[in-house]
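**Student:** Each chain, written out:
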Amino acid sequence: MDQQDIKLMAHLMRRAGFGATRDELGAYAAKGYEATVERLLNPGESWWIGDAMVRRFDHEASGMINHPGSARNWIYRMITSTAPLQEKMTLFWHGMFATGVPKVINGMVLSEQISMFRRLGMGSFNTLLLELAKNPAMIVWLDNQDNHNGAINENWGRELLELFSMGVGSYSEDDIKECARAFTGWTIGNTEYMMVRSQRDSDWPYGRISYHFEYLPDDHDHGEKTFLGEHGNFNGGDVIDILCRQESTARFIARHLYHFFVADEPAVPAWPYTPARDADAIDTLVEAYFDSNYDIKSVLRVLFNSDFFKSEEIWYEKVKSPSEFVVGVLRLTGEFDKPGREMITRFRQMNWMGQEINNPPSVEGWHQGIEWIDTGRMIERINFASEQFGDTTKPGVKAIADKINDSGGKIISPGQMVDRCLDQMGAISVSDETRDVLLKFAVEIGHSTDNIGQMLRLVAATEEYQRA
Amino acid sequence: MTTLASDTGKNVLEYITTLGILAMEGRGFEYPTDTVIAKNGRLYVTNRSRDMGERGVRVTVLDIDSEYYGTFGHYGQGEGQLISPMCAAEDSQGGIYVTDDYTHQITEFDYEGNFVSSWGVRGSGNGELNGPSGIAFDYEDNVYIADTHNNRVQKFTAGGEFIFSFGSKGADEGQLDLPWGITVAPSGDLYVADWGNNRIQQFSADSEFVATYGVSGRGDGEFLRPSGVAVDERGYLYVSDWGNERIQILDTDGAFLQKLRGQATLSKWATNFLEINVEEGEARSKANLEPNTDIFDPEDPHAQSAHIEKLFWAPMSIKLDDSGKVYVTEGNRHRIQVYQRTS
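Respectively, the protein sequence lines represent chains A and B. When the count follows the working numbering, it moves up by one through the first sequence with no breaks and lands on 483 for the last residue. When the count follows the working numbering, it moves up by one through the second sequence with no breaks and lands on 329 for the last residue.
With the rest of the complex left out, here is chain A (with noise of 0.2 Å):
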């Protein structure tokens, strides 16, 4: 099989994925690049036994009562899902749409709105805004259930408006104002039980119950709303209607993919005075957004099969998200078929490296890119993986090393076993400046089992696999 085509099955699989291993790689070029992309946007799974697995061996990852229980439960998921693109969509909305625990004090209401990114995530946009607004995680985030006719709570409109939909410079203030007036009503169920034990961080009696949806009819400002030129007596759904309208719209959900998915852009407050990195791919996804009446499978599609995200001049132009980062290596180390209590070790050395799922620093979301690496981040990464990858009793540890010694027992040259681990972490591409490295190290240790290990270790903490 060319080797090229491995190399983009890889770049798709870092993006689309959390990487995938060399066997896998070559499985997916076989089917061909544009079947793969179909095969990860239409994943068609159902019943999906890991999440049985992890309700029985890690019991707060069932019950959920803090956010590290929904958190692991997730990762969980993105370690053994056969769905990954599927998890990635539902990382990216969780980082634009940003919701944690300071406010949401309830696991399992974080967990459901997770579970709504992973349903909705690659539908219509329109249905998942819709949504949003609904979700109670979101709802309490942003104050809603304190929006009421009469005496209005602009928070949830504002953020709307400027980090979920249209981006600053696009809206007014009294746009603002109406957007709120019309998801006045809008709350959740129980408001003042829950709220109550929300504020006393209250599990008693019997755990926490999870939130619901309600739309308060005698809560909600009927009267006429003037809205982005608009006028009508708006409810949240025709809001949500309008704004899914508008090209800033399209333009500000290109650019957030473009970021995650193609190369890292500055962060979000940088945008209305920062050109797009590359504005014609900006063009082509807004097109595919209003072509597909807002579906974001589609726009997803035309990104994948784009030129502009297939040229190698973007190959690890991204830096891995601690997430991404360490759920690729997990997926390859093959660690975790069953749950352990490792799981909570894992979610703390993601946190440690700048990322705690379902606990943002901030509606904003993690600034991404360079901003993922401190030195302090850097040193965790590389612990991390040189950690995983320097035992070699780790079943995908194992198997990485059988692939690599030869079939006969002979000892590898020290170029060959550069190249191999290379390909077997990923088909990775590095520089050569990088290359030199691992092969003046390879040169120093030989060729043993335990040195591919070794190998690995050093391959992991090279620029070229910090970045996707």
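It is possible that some hints are incorrect.
Taking lysine-lysine and the PhoX-like style, the derived pairs with C-alpha atoms no more than 25 Å apart in a straight line are [said to hold, decoys possible]: (1) A:Lys46 with A:Lys425; (2) B:Lys25 with B:Lys245; (3) A:Lys413 with A:Lys22; (4) B:Lys155 with A:Lys413; (5) A:Lys409 with B:Lys155; (6) B:Lys245 with B:Lys296; (7) A:Lys455 with A:Lys413; (8) B:Lys311 with A:Lys353; (9) B:Lys272 with A:Lys118; (10) B:Lys311 with B:Lys254; (11) B:Lys254 with B:Lys296; (12) B:Lys(-4) with B:Lys311.
In silico contact screen, one side only, chain B against chain A (beta carbon under 8 Å); selected entries [claimed, not checked]: (13) Ala191; (14) Arg211; (15) Leu252; (16) Glu261; (17) Glu265; (18) Arg270; (19) Ile281; (20) Glu295.
What the hints contain is simulated information worked out from the structure, not anything from laboratory work. Each residue gets a CB set at the ideal place from its N, CA and C atoms; glycine is no exception.
Position chain B relative to chain A; hints supplied.
**Tutor:** Here is chain B on its own, set in the frame of chain A:
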């Protein structure tokens, strides 16, 4: 209109009370996994804790009147300590045995919680264990252990001497997939909650396959990931149908009799909490704790149970006492629902 899977079928069981409250330490439970109904009239409840950490792991001792007698078996790997307690059983001499699926050990305590002995080493050879869960004594004080990750059941003396093992990974008759709860019926036969195969299997005392009950599904008499089973003197099966978040009762022939989705009320400890915490108690009294079920996915009972507090949520084990009471230990609701046989 979508409705929850309600309590339907013949009226074999009737609800009588709920025990427990969530507590990280002391009086209460935190992710309880199993209950021993001991011959001294007390209940010994194993708790796994929230983050598998130091505070919540323990055995809580109480009785059906919610009298609290203390805790033992706290977190650690020393004598009489536990890391991940999973299931428990009593021998004829009043020994309380707890399985630990992290240390792969079985630890015996006396009624007062004093350490007696422990045994078990990790492995896959005869007498070795990998993630033990279900435990049940026969009438000669030998003990069966569900050796979960070895996909088999092993029989030992009470002191831990290996007698025999049976089962292997698979879905054929007599094979097992991550077995969980087990029980010895009055007939002396062994029943195994064959979790991964969505069925209960019956074996003779010397491990011969006898019968299988249930197929995968959400219908009457079908199971999803059953966690435990109890059998009465008539041969009726009481199954904690964990993946369906319900209890089912089958007759001797395996015919469906009744399913229960749960109807917990406030325990004495819960009532006490809400009386002391007035603001919370008042807010709760105004809340509708049984919202319209249309808003929940009927194919997702786990989510339903997260929203409606009275429903079973993670029924980890089901135990039957001599007076016809059935105790359902609920991991995610940190309580025990007690039912009474009506016939």
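**Student:** What hint numbers does the structure not satisfy?
**Tutor:** Of the numbered hints given earlier, those the structure breaks are 1, 2, 8, 13, 16, listed in rising order.
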